[in-house]
Amino acid sequence: VKRLVVIIAIVVAAQRADAYPQFQLSKDQTCSSCHLSPAGGGLLNENGLNTADAISQWSTKPELLYGAVRTPSWLELGGDFRSAIGYINTAPGDHLVWFPMQLDLYASAAWRQFRVYLTGGYRPDVYDYPSGSSNGSIFNSTVQPPWSREHYVMWHDDPGSPDGVFVRVGRFMPVFGLRFAEHTDYTRRFGGTQLYAETYGAAIEYVARQVETHLTGFVDDPLIDTVEHANGAALYSEVRLGSTTAVGAEAMYAASTDDRKLRAGMTGKHYLVGPDVLIQGELQVVDQQIPRGNADGTTASNVGLVGYVLGSWFAAKAVMVDVGVGYYNENVNVHGVYRNQFDVNVHWFIESHMETALIMRYEPNDPRTKDDTGAYALLMLHFRL
Amino acid sequence: MQRLAYLALLLGACGADDRPLTVAYVTETVLAPSCGAAQCHSTFSANYTDIFDTVEGARASIVNNQLLSFDSDQYDPATPTNAHLILTVTVGAIPAIGRMPWDSPLPEQDIELLERWIAAGAPGAQCNPVDDIACNNDRLMSCNDWNFGNVIEDCAALGKRCNARACK
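Keeping their order, the protein sequence lines are chains A and B.
To convert, take the position in the first sequence, counting from 1, and add 1402; that gives my numbering.
To convert, take the position in the second sequence, counting from 1, and add 4; that gives my numbering.
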């Protein structure tokens, strides 16, 4: 008899409002063609609003609250709300789960070549550590919702254009790799840009139709205990070979008290115009050094691999079908310490503010249980303010 | 001889698992990537007060939340497969919650690495130094830098058992 447990998972999952990189090359050339941020995600510009409407099943006014609220030209407001319900298969049975995922509001004000960008919203609760712990100082339970995941000042040499030189200072996610919206994709989860990995830093970025480069320096958040514990730098460059192919290179160095990671990898994208299919992939090599990792107190070394390939078929108006395969090997020198993920996601863009998606994953593995797989099927609803 | 050499090469290619048995290594290669995800047991979220994305967090969680036991009634180094930590990543120590991680079960080789580390006495996550003393299989011992130190009292020799930091 399968156990059915209802779990109100308030804190278990979330999702950033990243853009869909599936739209690059298939809809436009760069992230900044549709988003205010050169990294993509969050607030849309005029072209992004029009695209949101163009790809939707039913046309609606794509502006803030369907155009009911008008803001001055220097101010942009918005928000993203996501929630999902479904089943997770894990021993000993299926679990019915509900995830709030995301409750974020955005504000951005522009003045000449400068722009201030703020993301504020709900964050998961932090559990209080038991009294008497010797580690009270490292567990910051004082920061509770709401919080600001992103806040930065941006300088753009050509504010009227999606291209140009951007300089950002503040709290944001370094631009690195393909940046899928699904934070559980291996290249995000194990690839240096996991959920809530925003931290303070500075970036200089150049975006043009044929090439873009992002160089970011970042530090461990000095204000709260967060996900990114390291200081480091990330570099991502992408060259577009014509209008349907792009190749990229990436490198990231991150050093914390616990380990040092050097990541290097490649990305590639190709859009097949006829069948309306975008294929993209990313592969990283991760060199990890672990101080005091060996029994004699010396530094231990690891070399890992992270990869993901995604095919996206724009099957009909407003429908996008993703089929993806992920690979993660934490140590290529040890047999068997790898895992795979297989994804099928079906997105339906109902109208310019609303999207629903059936998100399905299968992760075969071999723990000693009768239920030796990880799998889930979630129905996600997304409303853009 | 040549065949033996080929066999040795083949075994080498398979990668003999000689990974180190330290709390730093098992945290950074197994627990942090698999259990310490942002929305799970990161310092940021600390679900159920378990933290696995740092070495300090991992050993504090293992010791303070009793994911491993060195008491005489359940001495995990003798039977690592029964340790709460191992049951959690295999069959689900708490049925209502299920096996962890939910979506991405650990590879068998990683579970075996954790078991070997536990069988070796879970160095680096044996006891909380704030408590000064701890039980280690019917011996009351000092605790220094998260490891057992000197024997303070041999409970077994006194015909007693060591539980909850006392000979009883």
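Heads up, some of the hints might be wrong.
As the list claims (entries may be wrong) - Simulated restraints on C-beta separations: (1) A/Asp-1689 - B/Val-134: 34 to 44 Å; (2) A/Gln-1691 - B/Ser-146: 27 to 37 Å; (3) B/Arg-120 - A/Asn-1633: 24 to 34 Å; (4) B/Val-134 - A/Leu-1643: 56 to 66 Å; (5) A/Leu-1467 - B/Val-134: 20 to 30 Å.
To be verified - Below, simulated SDA-like cross-link-like pairs (lysine to any residue); rule was C-alpha separation at most 25 Å, straight line: (6) A/Lys-1663 - B/Gly-125; (7) B/Lys-164 - B/Gln-113; (8) A/Lys-1663 - B/Asp-22; (9) A/Lys-1663 - B/Asp-21; (10) A/Lys-1719 - A/Gly-1469; (11) A/Lys-1663 - B/Leu-25; (12) A/Lys-1663 - A/Thr-1758; (13) A/Lys-1663 - B/Pro-127; (14) A/Lys-1663 - B/Pro-105; (15) A/Lys-1663 - B/Ala-20; (16) A/Lys-1663 - B/Pro-24; (17) B/Lys-172 - B/Gln-113; (18) A/Lys-1663 - B/Ala-123.
What the hints assert, rightly or not - Non-contacting residues of chain A with respect to chain B, defined by C-beta distances greater than 10 Å in every case (computed): (19) Gly-1469; (20) Ser-1510; (21) Gly-1572; (22) Pro-1693.
Hint data in this document are derived by calculation from the structure and do not stem from the laboratory.
Bear in mind the structure is a predicted one, so any value in this text is a computation, not a measurement.
Beta carbons are placed, not taken as given, at the ideal position from N, Cα and C, and that holds for glycine.
Against the structure, the hints come out as follows:
1. A/Asp-1689 - B/Val-134: 34 to 44 Å: holds, 36 Å
2. A/Gln-1691 - B/Ser-146: 27 to 37 Å: Given range 27 to 37 Å: holds, Cβ gap about 32 Å.
3. B/Arg-120 - A/Asn-1633: 24 to 34 Å: holds, 33 Å
4. B/Val-134 - A/Leu-1643: 56 to 66 Å: Cβ of B/Val-134 to Cβ of A/Leu-1643: about 60 Å, so the range 56 to 66 Å holds.
5. A/Leu-1467 - B/Val-134: 20 to 30 Å: violated, 53 Å
6. A/Lys-1663 - B/Gly-125: violated, 28 Å
7. B/Lys-164 - B/Gln-113: violated, 38 Å
8. A/Lys-1663 - B/Asp-22: holds, 21 Å
9. A/Lys-1663 - B/Asp-21: holds, 21 Å
10. A/Lys-1719 - A/Gly-1469: holds, 24 Å
11. A/Lys-1663 - B/Leu-25: holds, 20 Å
12. A/Lys-1663 - A/Thr-1758: Violated: A/Lys-1663 and A/Thr-1758 sit about 36 Å apart, past 25 Å.
13. A/Lys-1663 - B/Pro-127: Judged against 25 Å, a Cα distance of about 24 Å means the pair holds.
14. A/Lys-1663 - B/Pro-105: Judged against 25 Å, a Cα distance of about 23 Å means the pair holds.
15. A/Lys-1663 - B/Ala-20: Within the cut-off at roughly 23 Å; holds.
16. A/Lys-1663 - B/Pro-24: At roughly 18 Å apart (the allowed maximum being 25 Å), B/Pro-24 and A/Lys-1663 satisfy the hint.
17. B/Lys-172 - B/Gln-113: violated, 38 Å
18. A/Lys-1663 - B/Ala-123: Violated, because 29 Å separates the two Cα atoms, which is more than 25 Å.
19. Gly-1469: holds, 35 Å
20. Ser-1510: holds, 25 Å
21. Gly-1572: Non-interface label stands for A/Gly-1572: nearest chain B Cβ at 19 Å, farther than 10 Å.
22. Pro-1693: The assertion about A/Pro-1693 is violated, with a minimum of 7 Å to chain B.
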